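Peer 1: Listed below are the residues making up each chain.
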Amino acid sequence: MSKIMPPTAKRNNMRKPLRYLVFLLLVAVLAYNSVYFKKLDEVKAGSASFNAVKYASDFWNTKLIPTLNKAVEINSLLSLLKTDKEKAFKDHSHALGIGNIRYFLIKGSGVVTDVAENQVSVQIEGVAPDINIATEYIFGNAVRDASGAIDINAFSNSMDFNNVSAEINKIIREKVVPPFKSNVKKGDHVDFTGAIELNREHLQTNNLEVIPVNLKITNP
Amino acid sequence: MDAILNRNNFARFQSLIALFLLCLGLSILSDKFLSVSNLWNVMRQISANICISTGMTLIVLTAGIDLSVGSVLALCGAITAGLLKNGIEVPANNLYIGFTILGAILAGVLTGSFLGAFNGWAITRFKVPPFVATLAMLTVARGFTMLWTGGFPISGLGDTFLYFGTGWLLGIPVPVWISVLVVGIAVFVTNKTRIGRYIYAIGGNESASRLSGINVDRVKIIVYTIAGGLAAVGGIMVTSRLDSAQPNAGMSYELDSIAAVVIGGTSLSGGRGSIMGTVQGAIIIGVLNNGLVLLNVSPFWQQVVKGLVILLAVIIDKSNSKNE
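Chains A and B are the protein sequences, given in the same order. All letters in the first sequence, in the order written, are residues 1 to 220 by my numbering. All letters in the second sequence, in the order written, are residues 1 to 324 by my numbering.
In case anyone wonders, no lab produced these hints; they're calculated from the structure. Small disclaimer: the values here were computed from a predicted structure and weren't measured. Do not rely on the hints blindly, as some may be mistaken.
[As the list claims (entries may be wrong)] Each computed DMTMM-like pair below joins lysine to aspartate or glutamate, with the alpha-carbon atoms no more than 25 Å apart:
{"no.": "1", "chain 1": "A", "residue 1": "K44", "chain 2": "B", "residue 2": "D31"}
{"no.": "2", "chain 1": "B", "residue 1": "K85", "chain 2": "A", "residue 2": "D151"}
{"no.": "3", "chain 1": "B", "residue 1": "K32", "chain 2": "A", "residue 2": "D84"}
{"no.": "4", "chain 1": "A", "residue 1": "K87", "chain 2": "B", "residue 2": "D31"}
{"no.": "5", "chain 1": "B", "residue 1": "K318", "chain 2": "B", "residue 2": "E206"}
{"no.": "6", "chain 1": "A", "residue 1": "K85", "chain 2": "B", "residue 2": "D31"}
{"no.": "7", "chain 1": "B", "residue 1": "K32", "chain 2": "A", "residue 2": "E86"}
{"no.": "8", "chain 1": "B", "residue 1": "K32", "chain 2": "A", "residue 2": "D41"}
{"no.": "9", "chain 1": "A", "residue 1": "K39", "chain 2": "B", "residue 2": "E89"}
{"no.": "10", "chain 1": "B", "residue 1": "K85", "chain 2": "A", "residue 2": "D160"}
{"no.": "11", "chain 1": "B", "residue 1": "K85", "chain 2": "A", "residue 2": "D41"}
{"no.": "12", "chain 1": "A", "residue 1": "K44", "chain 2": "B", "residue 2": "E206"}
{"no.": "13", "chain 1": "A", "residue 1": "K38", "chain 2": "B", "residue 2": "D217"}
{"no.": "14", "chain 1": "A", "residue 1": "K90", "chain 2": "B", "residue 2": "D31"}
The task is simple: from the sequences and hints, build the whole structure.
Peer 2: Encoded structure:
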């Protein structure tokens, strides 16, 4: 005996496969537009991995060293910070992120007053107290960012970007500091160029630490 | 006049009144607050929270809670970013599976929905309290995020992907459009559909709902699935806005979303509340965050103020419940 179905149930039963078909079609269209397939070795050949050592070395030689002549004299920077803080930050500082921490590429010369394990203190005429040149703990992004010559958008991820900073600091630790540290003594006259970090909101210029880029003992 | 000022009307409009007073106070204290760019910035920032809080509202309406949304947000953002940037490598078959933006976003949303469904399944199948089940998921999802990212951010996702978090459409930020769409659908579902009525009914009286034939477990699983999917949408918006999937993204987002729900007048015991109330709550939290930053309040004090605001909202909610 055939089962008698109300017209609405019949219609619903007919609609069900149609609904599944539409759903499957939708899934197929989405899937087709969602993924693509390639040979792995072709993809790998096309994307050479980032070489932070080479990048840092190139950056050091072709971008950072040529910009050292643009470094601001520490005396004039400190004077400007006292008279017009905003102008000092606007004209001479760089930073890649938002926030109050900004970096300055500075230069100066003075007389060595103390040679400690971690730093060399230098007295600069017209600047008090002494400025400390870091010779042991070279960390952070001060040198990379202070020049303003690096573009964050050129990096595909922040790990590569941070590795560049680490490699620049390594160059300073291995090439800039050792010849200076082994020869410098109290009373020496030195020229230096380097990067300092200042907080725009909570400005503190009493205990400046310079991460050096170029150091010269210039005794007469 | 008496009717306007009576207690019930005050309760109904309390979050709007609070928002108005907050905006008034901040516009007096900071000249930057009422600038157009700042207001758009606030809206852009709260869009992710609105999406998450919309899902959280549905859960809280069923008398549940989801503590895992922040971690789910981070995982889904990381999965979207990871698939978009790196695809999947199958060295055994010399195969590379690349993902388009659509594919990566779909994968992120499906992951969030799956984790939400798992929460719902654990809660209904094993009668695990929602607080405990989602607390476990909070840790699991955060762990998977660390495993997936290796503890490092995934950045450089391309200009087209950034459009979802930073772009503008018809003079309005794209994230705002997305949150408006999410809210619109959620308002329609809660007010005009059968499952919307079931959600309120379950929160009001679960036993009565079960006895009246509502498949309570099914509705709960659907609600947790939706909340997981919306957490994923929030995660994709945050990842797009920052052009980076951070392994520690979404930390304490669950608290912000619960705060938005509570401040918006949804009862933590379920059955009472609305999506639009939650939107107001999310705006209050966003404006409060923005205002405290503009006023240079220390981040430590910001936490204290936010906590006190949430406490105040719960006290007012309890007081309203008693009066009803």
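Peer 1: What hints, given by number in increasing order, does this structure fail?
Peer 2: 1, 8, 12, 13
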